[in-house]
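Visitor: Sequence:
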Amino acid sequence: MDLIEWQDFLKVELRVGKIIQAEIFEKARKPAYILHVDFGEELGIKKSSAQITKLYQPEDLINKLVVAVVNFPKKQIGPIQSECLVTGFHNAEGDVALCVPDFDVPVGTKLL
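Take the sequence shown: its position 109, counted from the start at 1, is 109 in the UniProt record's numbering, and no numbers get skipped.
Calculated directly from the structure, the hints in this document are not laboratory data. Note that CB positions come from ideal geometry on N, CA and C, so glycine has one too. You may find that some hints are simply not true.
Claimed, not checked - Taking lysine-lysine pairs in the DSSO-like style, the calculated list, with each CA pair at most 27 Å apart, reads: (1) 75 / 110; (2) 64 / 18; (3) 110 / 47; (4) 47 / 30; (5) 18 / 30; (6) 11 / 75; (7) 54 / 11; (8) 18 / 47; (9) 11 / 47; (10) 64 / 11; (11) 27 / 74; (12) 74 / 30.
Said to hold, decoys possible - Restraint ranges, calculated between C-beta atoms of paired labels, are given here: (13) 2 / 112: 18 to 28 Å; (14) 111 / 41: 12 to 22 Å; (15) 26 / 6: 38 to 48 Å.
Based on the provided sequences and hints, a complete structural model is requested.
Guide: Here is the structure:
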């Protein structure tokens, strides 16, 4: 494991967002959803592609709070530009479980 300096960690903008729309990413090579995540007034709504189809249905994702990296450059994924990276962890079967706050917190809140 590589160690990083505190200043390196401070560069990563991990923010809480609320999923406001989730749709099947029809043109993805691996099963995925296109998520529209609201990060509040400062950052607005950003899109992300997420391979979370094994554990989540699109309708179950609406209004779910998630933790995402919002300061990566945009990345072209097929026909969409991913504007943030929604975080998660692989379970024992290799499926992705979203990283979510335990309690309701304002959208746009930065991880400290």
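Visitor: Give a verdict on every hint.
Guide: Structure-based check of each hint:
no.: 1; hint: 75 / 110; verdict: holds, 22 Å
no.: 2; hint: 64 / 18; verdict: holds, 6 Å
no.: 3; hint: 110 / 47; verdict: holds, 18 Å
no.: 4; hint: 47 / 30; verdict: holds, 17 Å
no.: 5; hint: 18 / 30; verdict: holds, 24 Å
no.: 6; hint: 11 / 75; verdict: holds, 19 Å
no.: 7; hint: 54 / 11; verdict: violated, 32 Å
no.: 8; hint: 18 / 47; verdict: holds, 11 Å
no.: 9; hint: 11 / 47; verdict: holds, 21 Å
no.: 10; hint: 64 / 11; verdict: holds, 25 Å
no.: 11; hint: 27 / 74; verdict: holds, 18 Å
no.: 12; hint: 74 / 30; verdict: holds, 20 Å
no.: 13; hint: 2 / 112: 18 to 28 Å; verdict: holds, 22 Å
no.: 14; hint: 111 / 41: 12 to 22 Å; verdict: holds, 18 Å
no.: 15; hint: 26 / 6: 38 to 48 Å; verdict: holds, 42 Å
Of the numbered hints listed earlier, the single one contradicted by the structure is hint 7.
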